[in-house]
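Asker: Listed below, chain by chain, are the residues.
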Amino acid sequence: MNKYFSTKTSIFIFAFPGLLLFTAFVIFPLIPELIISLQNHDGFASSGYVGIKNYIDVFQSSMFWKSNRNTIIIVLMSTLITLPFSFILALLLDTQTSGVRRFFKASSVFPAVLSVTVIAQMWVAIYEPQWGLLNSVLRAVGLESWTREWLTDKNTVVFAIGTAFLWQYIGFNMLLFYTGLKSIPRTYYEAALIDGAGPVKCTIKITIPLLQDVIKYLLVISVLGSMAMFAHVEVMTLGGPGGIARTIVYQLYYTAFMTSEFGKGCAYAVIFVIECLIITLIINRFVARERIEY
Amino acid sequence: MSKILRVLSVMLCIILVLSLSACGSKSKDTTSGNTDNNQQSQQTEDKKEENQNKGPVKLKLLTISSDESRQRIMDEYIKPNVGKVLPHVEIEYEGTANVADKMKVYNSSGDLPDVWYSGADFALPIINAGNQLDLEPYMKEDGYLEKFKIKDALYFRGKIYAISSGADAYFNPRIFYHKDIFASNNIEVPTTFDEFVEVCKKLVNAGIQPIATPGKGGWAPGFFLLQNMIMIEDPEVAQQIVDNKTDFANPVIKNAADRIVQLAKIGAFGQGAANLDYGPAKELFVQNKAAMYMMMTWELPDLEANVPDLDFFLWPKASDKFDPNKVVQYWGSPLAGYAVYSKSANLEDAIKLAEFCCEQDALFFESTGSLISFNTGNQMAELKPIQKKNVEHFENTTTRIATYHLNALDTKCATEHSNLGANLMTGDYSAEQFVEDFNKVWLENTWFD
Numbered sequence: 001m002n003k004y005f006s007t008k009t010s011i012f013i014f015a016f017p018g019l020l021l022f023t024a025f026v027i028f029p030l031i032p033e034l035i036i037s038l039q040n041h042d043g044f045a046s047s048g049y050v051g052i053k054n055y056i057d058v059f060q061s062s063m064f065w066k067s068n069r070n071t072i073i074i075v076l077m078s079t080l081i082t083l084p085f086s087f088i089l090a091l092l093l094d095t096q097t098s099g100v101r102r103f104f105k106a107s108s109v110f111p112a113v114l115s116v117t118v119i120a121q122m123w124v125a126i127y128e129p130q131w132g133l134l135n136s137v138l139r140a141v142g143l144e145s146w147t148r149e150w151l152t153d154k155n156t157v158v159f160a161i162g163t164a165f166l167w168q169y170i171g172f173n174m175l176l177f178y179t180g181l182k183s184i185p186r187t188y189y190e191a192a193l194i195d196g197a198g199p200v201k202c203t204i205k206i207t208i209p210l211l212q213d214v215i216k217y218l219l220v221i222s223v224l225g226s227m228a229m230f231a232h233v234e235v236m237t238l239g240g241p242g243g244i245a246r247t248i249v250y251q252l253y254y255t256a257f258m259t260s261e262f263g264k265g266c267a268y269a270v271i272f273v274i275e276c277l278i279i280t281l282i283i284n285r286f287v288a289r290e291r292i293e294y
Numbered sequence: 001m002s003k004i005l006r007v008l009s010v011m012l013c014i015i016l017v018l019s020l021s022a023c024g025s026k027s028k029d030t031t032s033g034n035t036d037n038n039q040q041s042q043q044t045e046d047k048k049e050e051n052q053n054k055g056p057v058k059l060k061l062l063t064i065s066s067d068e069s070r071q072r073i074m075d076e077y078i079k080p081n082v083g084k085v086l087p088h089v090e091i092e093y094e095g096t097a098n099v100a101d102k103m104k105v106y107n108s109s110g111d112l113p114d115v116w117y118s119g120a121d122f123a124l125p126i127i128n129a130g131n132q133l134d135l136e137p138y139m140k141e142d143g144y145l146e147k148f149k150i151k152d153a154l155y156f157r158g159k160i161y162a163i164s165s166g167a168d169a170y171f172n173p174r175i176f177y178h179k180d181i182f183a184s185n186n187i188e189v190p191t192t193f194d195e196f197v198e199v200c201k202k203l204v205n206a207g208i209q210p211i212a213t214p215g216k217g218g219w220a221p222g223f224f225l226l227q228n229m230i231m232i233e234d235p236e237v238a239q240q241i242v243d244n245k246t247d248f249a250n251p252v253i254k255n256a257a258d259r260i261v262q263l264a265k266i267g268a269f270g271q272g273a274a275n276l277d278y279g280p281a282k283e284l285f286v287q288n289k290a291a292m293y294m295m296m297t298w299e300l301p302d303l304e305a306n307v308p309d310l311d312f313f314l315w316p317k318a319s320d321k322f323d324p325n326k327v328v329q330y331w332g333s334p335l336a337g338y339a340v341y342s343k344s345a346n347l348e349d350a351i352k353l354a355e356f357c358c359e360q361d362a363l364f365f366e367s368t369g370s371l372i373s374f375n376t377g378n379q380m381a382e383l384k385p386i387q388k389k390n391v392e393h394f395e396n397t398t399t400r401i402a403t404y405h406l407n408a409l410d411t412k413c414a415t416e417h418s419n420l421g422a423n424l425m426t427g428d429y430s431a432e433q434f435v436e437d438f439n440k441v442w443l444e445n446t447w448f449d
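Going down the list, the protein sequences come from chains A and B.
Heads up: the first sequence begins at 1 in the working numbering, then just goes up one per residue.
Heads up: the second sequence begins at 1 in the working numbering, then just goes up one per residue.
Hint data in this document are derived by calculation from the structure and do not stem from the laboratory.
Warning: the hint list may mix true and false statements.
[Said to hold, decoys possible] Stretch-level coverage of chain A by chain B, calculated; a stretch enters the list once three of its residues show a Cβ under 8 angstroms from a Cβ in chain B:
1) 52-64
2) 110-116
3) 128-138
4) 179-189
[Unchecked claim] Below, a list of computed lysine-lysine pairs in the BS3-like style, where the Cα atoms sit at most 25 angstroms apart:
5) A:K66 x B:K440
6) B:K440 x B:K159
7) A:K154 x B:K159
[To be verified] To give an idea of the interface, some chain A residues facing chain B are shown, with a C-beta separation under 10 angstroms as derived from the structure:
8) K154
9) M236
10) T237
11) G240
The C-beta atom is built at its ideal place from N, Cα and C for all residues, glycine as well.
Hey, can you work out the whole structure from these sequences and the hints?
Answerer: Now the structure itself:
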């Protein structure tokens, strides 16, 4: 039986339906996008090809760089704060009793399955400058000077939106880390304890290396998910005020749909696809390339 | 192996070609200019004959559902009554707060709704693509045009692309206020901008938010705040923008932007005003948390019903060139209203549907006490005192200036106008910067092309 299913012909036959769907729904839409990105198109009709003018305009636009900077901030928040935080939460969860674990496993998914609009509106209320929770708490503990107009201050708005976005997925990431933790045989830790290793050393030498596949997976979905962040920006501030909170995908939407520069919007989309591909390749190239076994 | 690869490649190519043809536009000529109406009528006649044998006529109606009024028009007026006027028509309804985006999606598929609620911010590309019907010949033929008291308000470049009840033309921005809050703080109604600033300062010092107005997405500054700040110094400049006779480097416009910044800096709009949504802004005023509310008068009937100490005052002047009793900004655009797809398979019924919807709009606004241009044949209901005061003021004005945001800016220009206008409400963005940033966009404005 194995003889038949392991041939390249069989692999192609089984892969074909998936390949077909991928081509029709992922590769194919990129083609018209690429074509429109070379046109002067207002979303209703094209007024002709303009070569790479749209791309030049995009690169010369200050909003392209600002939106990229905002996106990078959110990606960095995601990778440098959220993932480690989720990992620590997973480690803590692992030490709890089964009842506590059950409760947190169930509740941690809750924000991730809630509508983005609900989450975003909840955070808008938290950040409300006059009666919002955040400023109220700061005032209550005597930190009046720390209060801000979180969603209109150019120094805080991106971090404020990024926090709302990342908060939604911390629990979900924790759950994935926890699932990974459960797949590590306990015997490794027992052996390490006998050899005199403490919890920190066990985490660094055993847990993290053996979770490399989970880390890689979470890294890819966190980075790409953060790069594609749109809905939170739309609901919380409409990218404003004055476009200061736009991410690259919001800028794409704004250009294509709000200002009706559809050709330029498609140029943004093509550049965004290339950015995502480069980042994915980098992660694949440098993270968890070799399988670790003890 | 290579044979299988070849077969797979060919199959993938076939799928791609099929997908391309399936997703391609049905419309053969979407980029051409306006199509000849006679030719369309002939095509429609042919299609009509075909359809007569196929049962009820099916029409798609895309309407705006952005606010409660629009939802009520659809649910309480159009849906229950359409069967009486068009019994042979089966309507597929669709409501959306963002008609522009929906229309772009429909347009890309080449399958536009038969009737939709057009907006000035997205109508031009549809008109230029020849997809929005010039309704004038049909309205003249069936006598519908005669039902409008102000016919000129319907025309755009000599044609009628959308029909509305004309209520828009009577909507204007006002400064509503709580009489009790003013009285308890010994505040007189301001008549000059300097007095207005003093009133705001006094309210801030009393711990009361002076003004509520929606800043999110630049709604208020985009639609009326900046325009009125211009008008209170020199109404002629606002008219010049509508007529494309000045640019935004005009010093009056810089002064106007500066007035918004000045108000923002003293905290007149309250904290986070640049991100304040439409609904919450109204609630701040209705719940007595803000002393004043800058808004269009379509909110007046609701405010008068829910705010016992309501009144409004006229925009305070910043120079003697402005007489608040004589000058007013009015809403509306000839491109806003019910529009018909020029290539509809059931053109005649689509036009009737658009006319019916417009009439239902008129009946609704008439019931709220709003003035309308459309003659429904009904006696106008008795107005409540503040609505009456508003109408009397409006009728006594001699200079009525159209909203330039809707009547002088193309899609990109209008979007950037709101976007940068929101920035002014933060107080961190200078009037000079606004003029520098927006004038570039204005100079590329294609509205007048």
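Asker: Each hint needs a verdict: does it hold in this structure or not?
Answerer: To see whether the hints hold, each was checked on the structure:
| no. | hint | result |
| --- | --- | --- |
| 1 | 52-64 | violated (count 0) |
| 2 | 110-116 | violated (count 0) |
| 3 | 128-138 | holds (count 3) |
| 4 | 179-189 | violated (count 0) |
| 5 | A:K66 x B:K440 | holds (19 angstroms) |
| 6 | B:K440 x B:K159 | violated (30 angstroms) |
| 7 | A:K154 x B:K159 | violated (45 angstroms) |
| 8 | K154 | holds (7 angstroms) |
| 9 | M236 | holds (8 angstroms) |
| 10 | T237 | holds (5 angstroms) |
| 11 | G240 | holds (5 angstroms) |
The structure is inconsistent with the numbered hints 1, 2, 4, 6, 7, although it conforms to all the rest.
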